[in-house]
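Listed below are the residues making up each chain.
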Amino acid sequence: MEVVSFFANIVQGGLGNLAAYLAAHVILCLLPAFYIAGAMTALIPKETVTRFLGRNTRQIVSYPAASLAGGLLAVCSCTIVPLFAGIYKKGAGIGPAITFLFFAPAANILALVYTGSVIGVDLAFARFFLSLAFGVGIGLIMALLFRSEDAARDMATNQMFAAQSIKGMSRAALVFLLVWVALLLFGTLKLDILTGSYRNVNLPVAGAQEFQALLDRLVPVDASKGEEGVSVQGAILILLLAAIGLTSWRGFERIHDGFGTWTRAAIALTVLTLLVAALNLQATAAGLRVGFSGKFFGVLLALAALFQIGRAYLTEDELRDWLWESWRFVKQIFPLLLLGVFLVGVIRVLIRPQWIEALAGSNSVLGNLTGVAFGVFMYFPTLVEVPIAKMFLSLGMHRGPLLAYLMADPELSLQSILILCAIIGKLKTWTYVGWVALFSTMAGFIYGAWVDGMNLGFVVLSFALFLTVLALALWLASQRNQPEQAGQAKSS
Amino acid sequence: MLTIKILGPGCANCKRLEEIARKAASDMNVAAEFVKVTDYNDILAYGVISTPGLVINEKLVSSGRIPTTATMTNWLADALKAS
Numbered sequence: 082m083e084v085v086s087f088f089a090n091i092v093q094g095g096l097g098n099l100a101a102y103l104a105a106h107v108i109l110c111l112l113p114a115f116y117i118a119g120a121m122t123a124l125i126p127k128e129t130v131t132r133f134l135g136r137n138t139r140q141i142v143s144y145p146a147a148s149l150a151g152g153l154l155a156v157c158s159c160t161i162v163p164l165f166a167g168i169y170k171k172g173a174g175i176g177p178a179i180t181f182l183f184f185a186p187a188a189n190i191l192a193l194v195y196t197g198s199v200i201g202v203d204l205a206f207a208r209f210f211l212s213l214a215f216g217v218g219i220g221l222i223m224a225l226l227f228r229s230e231d232a233a234r235d236m237a238t239n240q241m242f243a244a245q246s247i248k249g250m251s252r253a254a255l256v257f258l259l260v261w262v263a264l265l266l267f268g269t270l271k272l273d274i275l276t277g278s279y280r281n282v283n284l285p286v287a288g289a290q291e292f293q294a295l296l297d298r299l300v301p302v303d304a305s306k307g308e309e310g311v312s313v314q315g316a317i318l319i320l321l322l323a324a325i326g327l328t329s330w331r332g333f334e335r336i337h338d339g340f341g342t343w344t345r346a347a348i349a350l351t352v353l354t355l356l357v358a359a360l361n362l363q364a365t366a367a368g369l370r371v372g373f374s375g376k377f378f379g380v381l382l383a384l385a386a387l388f389q390i391g392r393a394y395l396t397e398d399e400l401r402d403w404l405w406e407s408w409r410f411v412k413q414i415f416p417l418l419l420l421g422v423f424l425v426g427v428i429r430v431l432i433r434p435q436w437i438e439a440l441a442g443s444n445s446v447l448g449n450l451t452g453v454a455f456g457v458f459m460y461f462p463t464l465v466e467v468p469i470a471k472m473f474l475s476l477g478m479h480r481g482p483l484l485a486y487l488m489a490d491p492e493l494s495l496q497s498i499l500i501l502c503a504i505i506g507k508l509k510t511w512t513y514v515g516w517v518a519l520f521s522t523m524a525g526f527i528y529g530a531w532v533d534g535m536n537l538g539f540v541v542l543s544f545a546l547f548l549t550v551l552a553l554a555l556w557l558a559s560q561r562n563q564p565e566q567a568g569q570a571k572s573s
Numbered sequence: 024m025l026t027i028k029i030l031g032p033g034c035a036n037c038k039r040l041e042e043i044a045r046k047a048a049s050d051m052n053v054a055a056e057f058v059k060v061t062d063y064n065d066i067l068a069y070g071v072i073s074t075p076g077l078v079i080n081e082k083l084v085s086s087g088r089i090p091t092t093a094t095m096t097n098w099l100a101d102a103l104k105a106s
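Read top to bottom, the protein sequences are chains A and B. The first sequence lines up with residues 82 to 573 when you count with this note's numbering. The second sequence lines up with residues 24 to 106 when you count with this note's numbering.
Hints listed in this document are in silico derivations from the structure and should not be mistaken for laboratory results. Some hints could be false.
Label pairs and their computed distance ranges (CB to CB) [stated by the list, open to error]: (1) B/65 to A/251: 25 to 35 Å; (2) A/149 to B/24: 39 to 49 Å; (3) A/149 to B/50: 39 to 49 Å; (4) A/203 to B/59: 24 to 34 Å; (5) B/50 to A/345: 20 to 30 Å; (6) A/295 to B/50: 47 to 57 Å; (7) B/65 to A/85: 27 to 37 Å; (8) B/50 to A/294: 51 to 61 Å; (9) B/46 to A/281: 21 to 31 Å.
Listing some non-contacts, in silico: residues in chain B with all C-beta distances to chain A over 12 Å [stated by the list, open to error]: (10) 73; (11) 81; (12) 84; (13) 104; (14) 106.
Quantities reported herein were computed from a predicted structural model and do not represent experimental measurements. Quick reminder that beta carbons are idealized off the backbone N, C-alpha and C, glycines included.
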């Protein structure tokens with residue numbers, strides 16, 4: 082009996098976590114984010130960004146361009162690796178290529194939006210800015226360390242970057258993308274003007290309150306343990322999501338044979354789901370109270386604009402590519418995410434908060450190192466690191482080590498290290514791994530100090546000092562290298 | 024006889040591209056040899072940065088996206104005419 086109830090407890094933990102996640106975080110955050118990621122992949126011509134990565138481009142342009150490329154173009158490793166190999170082998174130099182490699186998994190749109198929604202906007206911003214600073218930093222360091230080798234590579238390959246056609250992005254596609262981002266913001270920003278209801282309508286639905294009570298029994302709410310529960314609205318949304326999944330499977334999987342009824346059904350259901358998610362639904366004794374929030378009107382407006390742009394200004398090819406890429410991301414990432422969230426729910430039942438507390442409960446160097454080590458040695462599929470981080474947070478992990486973990490996990494895994502070895506060689510790979518570990522620990526430590534209430538000015542100052550020392554060291558090293566380079570150039 | 028090369032590391036898009044190309048070829052009753060190019064050096068030799076790439080008779084036709092079956096049919100017809 083003991084054993085049975087133990088397992089029942091575990092499975093309930095997993096399923097409860099899954100339901101709460103689907104209801105609370107997926108719709109208004111992940112659904113638009115998947116469509117945005119799809120639009121970025123399908124509608125932004127890669128050449129517009131990668132042509133800035135050639136060797137002749139000045140560093141002040143090529144490094145930011147590399148991080149931009151990482152943030153905009155690459156969402157899954159399937160895109161990152163070919164792009165990285167392309168950038169590196171075609172003579173961009175190892176620096177911008179590494180910056181791209183570092184930034185892409187840490188700060189792409191899906192990862193940032195999801196982090197912001199699940200854990201908090203502060204951590205999402207910290208993740209973005211620190212990834213940017215460190216991505217460029219590590220890129221510069223790598224470029225410097227392997228300078229002579231880099232210069233020895235065939236300069237002629239640089240022509241490829243120069244020869245790339247300058248094919249701009251169509252204006253309609255850009256507006257389309259921006260409206261999606263607006264929709265995402267309307268849906269997820271926690272501002273009173275958006276979340277408050279302007280008009281309430283009471284629907285006489287018998288048994289709404291009983292249904293809510295049943296849901297509360299099935300998925301207990303416990304804020305102290307980070308268990309969020311499921312509302313009536315959440316239950317409706319989970320059903321709608323299942324329906325979207327089903328129609329998308331029929332409608333988007335065969336989209337290259339033409340748009341069909343299933344395609345339209347999937348789009349209609351997506352629109353409906355986004356709108357329902359933006360309402361304020363509350364189970365009352367009389368039935369269901371529907372509140373039309375600012376969010377609802379914002380989402381409605383954005384959807385109307387998207388529909389108009391999509392119909393009037395985007396070509397059929399663009400729409401198809403966009404829907405296909407979005408669907409591909411969903412297919413690739415979502416099942417793993419569901420499994421991950423379920424397992425996190427299971428594990429949470431098993432882990433004692435004291436363990437986490439002892440290892441990484443405070444912002445110590447050891448705590449941050451633990452976060453990084455865990456990030457390096459565990460491999461989680463894209464985005465699953467976020468619910469895992471949430472679990473650690475609710476079990477008492479300090480936000481500093483948590484950020485250290487979040488910085489290290491997507492960058493480094495056994496898989497990515499092996500791929501890197503194949504492309505740039507063992508020495509460069511392990512140097513990169515070492516720097517990422519060091520920088521992630523630093524990032525966690527600095528951010529943790531700020532969370533602990535250290536004076537913001539002091540934090541910025543120490544961060545600036547760290548960067549200055551680094552820049553100075555790099556500059557000195559490059560000064561020392563310059564004569565060597567010149568000598569080499571003459572002799573060759 | 025056409026030689027159709029699919030450039031890409033073997034991700035979902037490459038497989039779908041191959042599927043569409045095979046279907047188009049068999050619908051048109053065209054004899055075609057399919058070659059998968061997975062080595063990055065070979066892929067980059069065609070000047071492709073974004074995969075999947077499609078090469079018909081050593082000519083790069085598309086990269087970074089998946090065409091419809093109808094477009095693919097046109098490309099195959101063009102290649103047949105040229106050869």
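Verification of the hints:
Checked against the hint of 25 to 35 Å, the C-beta distance between residue 65 of chain B and residue 251 of chain A comes to roughly 32 Å, which is consistent with it. For residue 149 of chain A and residue 24 of chain B, the Cβ-Cβ distance of about 44 Å falls inside the hinted range of 39 to 49 Å, so the restraint holds. Separation of residue 149 of chain A from residue 50 of chain B is about 42 Å and conforms to the stated range, judged on CB atoms against 39 to 49 Å. For residue 203 of chain A paired with residue 59 of chain B, a C-beta distance near 46 Å fails the hint of 24 to 34 Å.
Remark: the range hint 20 to 30 Å for residue 50 of chain B to residue 345 of chain A is upheld by a beta-carbon distance near 26 Å. Taking 47 to 57 Å as the suggested C-beta distance range, the pair residue 295 of chain A and residue 50 of chain B conforms, at roughly 53 Å. Checking the proposed 27 to 37 Å range against residue 65 of chain B and residue 85 of chain A shows it is violated: the Cβ atoms sit about 57 Å from each other. For the hinted restraint 51 to 61 Å between residue 50 of chain B and residue 294 of chain A, the CB-CB distance of approximately 58 Å keeps it satisfied.
Here the CB-CB span from residue 46 of chain B to residue 281 of chain A is close to 54 Å, at odds with the stated 21 to 31 Å. Residue placement check: residue 73 of chain B does not keep its beta carbon more than 12 Å from all beta carbons of chain A (closest about 5 Å). With a closest Cβ-Cβ approach of about 18 Å to chain A, residue 81 of chain B is found to remain outside the 12 Å limit, as its non-interface label requires. Non-interface status of residue 84 of chain B relative to chain A is upheld: no Cβ of that chain comes within 12 Å, the nearest being about 15 Å off.
Here residue 104 of chain B stays apart from chain A, with its beta-carbon at least about 23 Å from theirs, past the 12 Å limit. With a cut of 12 Å on Cβ distances, residue 106 of chain B stays outside the contact zone with chain A, its closest approach being about 25 Å.
Hints 4, 7, 9 and 10, counting from the list given before, are not met by this structure.
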